[in-house]
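> Sequences are here, hints too, so could you generate the full structure?
For the protein sequence lines, the chains are A and B, in the order given. If you count the first sequence from 1, position 214 lands on 214 in this note's numbering, and the numbers rise without skipping. If you count the second sequence from 1, position 255 lands on 513 in this note's numbering, and the numbers rise without skipping.
It is worth saying that the hints were derived from the structure and are not from the lab. Quick reminder that beta carbons are idealized off the backbone N, C-alpha and C, glycines included. Just so you know, not all the hints are guaranteed correct.
Unchecked claim - Here are the computed lysine to any residue pairs in the SDA-like style, where the Cα-Cα straight-line distance is at most 25 Å:
| id | chain 1 | residue 1 | chain 2 | residue 2 |
| --- | --- | --- | --- | --- |
| 1 | B | K366 | A | I45 |
| 2 | B | K279 | A | S134 |
| 3 | A | K173 | B | S271 |
| 4 | A | K70 | B | D512 |
| 5 | A | K4 | A | V38 |
| 6 | B | K366 | A | D78 |
| 7 | A | K82 | B | N364 |
| 8 | A | K4 | B | Q419 |
| 9 | A | K197 | A | E126 |
Said to hold, decoys possible - Here are the simulated distance ranges between beta carbons:
| id | chain 1 | residue 1 | chain 2 | residue 2 | range |
| --- | --- | --- | --- | --- | --- |
| 10 | A | S174 | B | D501 | 54 to 64 Å |
| 11 | A | T50 | B | T390 | 29 to 39 Å |
| 12 | A | S174 | B | R286 | 33 to 43 Å |
| 13 | B | P514 | A | V38 | 33 to 43 Å |
| 14 | B | R286 | A | G186 | 54 to 64 Å |
| 15 | A | D5 | B | T390 | 18 to 28 Å |
| 16 | A | V38 | B | K527 | 41 to 51 Å |
| 17 | A | M1 | B | E455 | 26 to 36 Å |
| 18 | A | M1 | B | E260 | 44 to 54 Å |
| 19 | A | F243 | B | R303 | 20 to 30 Å |
| 20 | B | H365 | A | N137 | 38 to 48 Å |
| 21 | A | S174 | B | E260 | 52 to 62 Å |
| 22 | A | T237 | B | R397 | 51 to 61 Å |
Stated by the list, open to error - So these bits of chain A aren't anywhere near chain B, every CB distance computed over 10 Å:
| id | residue |
| --- | --- |
| 23 | V95 |
| 24 | D165 |
| 25 | L224 |
| 26 | T237 |
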Amino acid sequence: MNLKDFQLKWQELVIDSQSEDEGFLNQNLIPAGQLNSVEGFDVYINGYYTRLTESLGEIYEAVWSVLGDKLFFEICRDYILKNPSLSHNLSHYGVDFPYYLSQLALNKKIQNFIPDLARFEKIFYETFHEIQHSKVNFKKEISKLKEGSNFKLNFCSSFRLFESDYEVDEIWKSRHERQMPFPFMGQTKQHLTLYKKNHQISILPLGAVEFSILSKLTSGQSFLESVSAHSDELEPTQIQRLFETISECGFVTECEAV
Amino acid sequence: MEIKNQIGVGLRSTHYPHIEKSLSSQKRLNVDWFEAVSENYMDTRGRPFEILSKVREHYPVALHGVSLSIASFHEPSQNYLKRLKSLVDVIDPFIVSDHLCWTGVNHKNMHDLLPFPLNSESFEIVSRNVETVQAYLKRPLLLENVSAYLLFKENTYTEAQFLSELSKKTGCKVLLDLNNIYVNASNFNQSAQKYIEELDAKNIGQIHLGGPSDTGKFLFDTHSCEPPQAVLDLLTTQAEKYDTIPVLIEWDMDVPSFAVMESQVERTKSAISKGLCNTL
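This is how it looks when you write it as structure tokens:
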């Protein structure tokens with residue numbers, strides 16, 4: 001058997017079937033210690049499952065906490081069988097785990113808030129790995145613009161917006177205190193922003209309107225475009241408060257006249 | 259007895275607070291250098307990268323990869339090489355290494371250091387891949403011998419022969435993991451001493467020490483304890499030949515306090531010193 005065929009066979013046994021092929025193993029391999037060749041190969045199959053499960057558990061720690069070991073491990077095994085790792089970085093595994101969980105929630109296998117909790121954890125993980133940008137004086141940037149002129153904002157790379165029908169950040173905060181079985185969670189709309197400040201991740205609750213304006217601004221819309229959809233409900237003090245928030249949090253890196 | 263080997267430890271997130279504190283108080287740690295796992299720093303500009311950059315300002319750093327997959331039948335991933343080179347360019351490590359193994363093919367990754375048949379076909383493929391990587395990185399690569407739980411009946415090289423020939427052909431160096439030699443020797447009833455004697459010390463660019471777990475049926479390379487005395491004894495016997503080679507202590511599971519790592523540095527120095535005295 002040439003190297004290509006051997007590697008494709010090995011990979012197929014570990015990733016796709018997670019099973020042994022006794023004939024193939026006995027024919028080609030000598031096992032370690034007191035193991036037989038099937039047990040020797042199991043070291044690699046178990047290692048694969050364990051590493052990917054650990055990686056999911058590291059990122060989706062709160063999901064693990066509310067699901068409990070048994071259900072979390074069952075879901076991970078199923079997910080791992082269907083989703084091989086395609087990255088050189090083990091920490092990148094499970095990018096679409098929140099989506100996978102949303103399918104389970106649709107089928108009533110897990111509570112509805114869990115996919116959102118996973119989405120929150122994924123966003124938190126992404127923010128953690130972003131650079132801490134140097135702070136820009138937002139008020140000074142704004143003051144450079146001609147009075148009444150329209151503008152666009154550029155946000156730092158660690159800036160994230162998160163919206164959910166559930167208060168998942170509260171569950172996330174208590175992720176180290178296992179609560180099994182987890183009580184039913186009612187719907188309470190939540191809008192958050194996550195960003196880095198002084199090398200720490202900050203989580204800030206926002207009102208629905210502020211959240212919507214920031215969403216539009218991050219998508220590249222100008223200030224006037226962003227607020228126009230809310231002209232009926234917006235009060236000048238709200239805009240002022242939003243600007244103060246932006247200034248205090250320091251997540252805007254540039255203010256560009258349009 | 260003065261020893262010339264520089265002794266380092268693996269950079270692990272558990273130790274970040276201790277390392278940061280020592281850096282800010284300008285207190286020198288009792289280690290000569292650090293080794294960082296390349297993949298843990300390639301795709302981040304967050305806290306891990308900030309720590310590595312700070313460490314690099316004060317200590318030499320080696321970058322040690324786990325996903326190059328040098329023995330895959332196809333060429334190494336260009337995306338991986340690009341990311342590795344970016345990190346190398348920023349950190350300026352004194353060593354760039356990975357493992358003599360494969361981790362996956364056709365874009366899939368099993369995140370494991372997998373064995374492959376040591377024969378002439380593999381030799382040609384690995385040589386080609388090493389040359390590709392070295393040309394891309396514009397520097398020599400070090401490759402580490404790995405622990406294995408299965409060996410191939412069709413091997414026509416010993417691992418030591420394979421590494422020696424590879425070094426001769428491509429100019430790459432060997433990262434000699436004494437723990438992995440010890441684990442494989444125990445698991446496959448081979449002689450660790452014979453393995454070491456097959457390798458020319460001039461081809462060795464770095465040494466790893468670590469501690470395995472005994473499952474009762476086989477030794478498992480877990481890096482979960484201090485290097486066993488038998489592993490240090492291998493270093494002692496070669497102390498004179500390996501007298502300038504940097505040595506690294508790996509500890510990845512149940513990672514102890516940094517003070518314990520520093521005591522392991524002293525233990526390693528004693529083992530080398532003992533070997534040097536024995537040769538006088």
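> Look at each hint and say if it fits the structure.
Cross-check of the supplied hints:
Between K366 of chain B and I45 of chain A the alpha-carbon distance is near 15 Å, which keeps this suggested pair within the 25 Å criterion. For a cut-off of 25 Å, the pair hint linking K279 of chain B to S134 of chain A stands: about 23 Å separates their Cα positions. For the hint pairing K173 of chain A with S271 of chain B, the CA-to-CA distance comes to about 21 Å; that is within 25 Å, so the pair holds. A distance of roughly 23 Å separates the Cα atoms of K70 of chain A and D512 of chain B; the hinted pair therefore holds under the 25 Å criterion.
For the proposed pair K4 of chain A and V38 of chain A, the alpha carbon gap of about 21 Å is at most 25 Å, so the pair holds. A distance of roughly 17 Å separates the Cα atoms of K366 of chain B and D78 of chain A; the hinted pair therefore holds under the 25 Å criterion. A C-alpha spacing of about 17 Å is found between K82 of chain A and N364 of chain B, which places the hinted pair at or below 25 Å, so the restraint holds. Restraint check for K4 of chain A and Q419 of chain B: the C-alpha separation of about 22 Å stays at or below 25 Å, so the hint holds.
Annotation: proposed proximity of K197 of chain A to E126 of chain A holds, straight-line Cα distance about 15 Å (limit 25 Å). The supplied range of 54 to 64 Å is met by S174 of chain A and D501 of chain B, whose beta-carbon atoms lie about 55 Å from each other. In this structure, T50 of chain A and T390 of chain B meet the distance hint of 29 to 39 Å, their C-beta atoms being roughly 32 Å apart. Between S174 of chain A and R286 of chain B the beta carbons are some 41 Å apart, a value that agrees with the proposed interval 33 to 43 Å.
Between P514 of chain B and V38 of chain A the beta carbon distance is about 35 Å. The supplied range of 33 to 43 Å therefore holds. Our hint of 54 to 64 Å for R286 of chain B and G186 of chain A holds, since their Cβ atoms are close to 56 Å apart. Distance hint check for D5 of chain A and T390 of chain B: the Cβ-Cβ separation is about 22 Å, which falls inside the suggested range of 18 to 28 Å. A beta carbon spacing of about 44 Å between V38 of chain A and K527 of chain B agrees with the range 41 to 51 Å that was offered as a hint.
Separated by about 32 Å at the C-beta atoms, M1 of chain A and E455 of chain B satisfy the suggested range of 26 to 36 Å. Between M1 of chain A and E260 of chain B the C-beta distance comes to about 52 Å, which sits within the given range of 44 to 54 Å. Between F243 of chain A and R303 of chain B the beta carbon distance is about 28 Å. The supplied range of 20 to 30 Å therefore holds. At about 45 Å, the beta-carbon gap between H365 of chain B and N137 of chain A stays in the expected band of 38 to 48 Å.
The hinted window of 52 to 62 Å between S174 of chain A and E260 of chain B holds, with their beta carbons roughly 55 Å apart. For the pair T237 of chain A and R397 of chain B, the supplied restraint of 51 to 61 Å holds, since their beta-carbon distance comes to about 60 Å. At the 10 Å boundary, the C-beta of V95 of chain A stays outside the reach of chain B, the nearest C-beta of that chain being 12 Å off. With a cut of 10 Å on Cβ distances, D165 of chain A stays outside the contact zone with chain B, its closest approach being about 29 Å.
No beta-carbon of chain B is positioned within 10 Å of the beta-carbon of L224 of chain A; the least distance is around 33 Å. A cut-off of 10 Å between C-beta atoms confirms that T237 of chain A is not in contact with chain B; the least separation is 36 Å.
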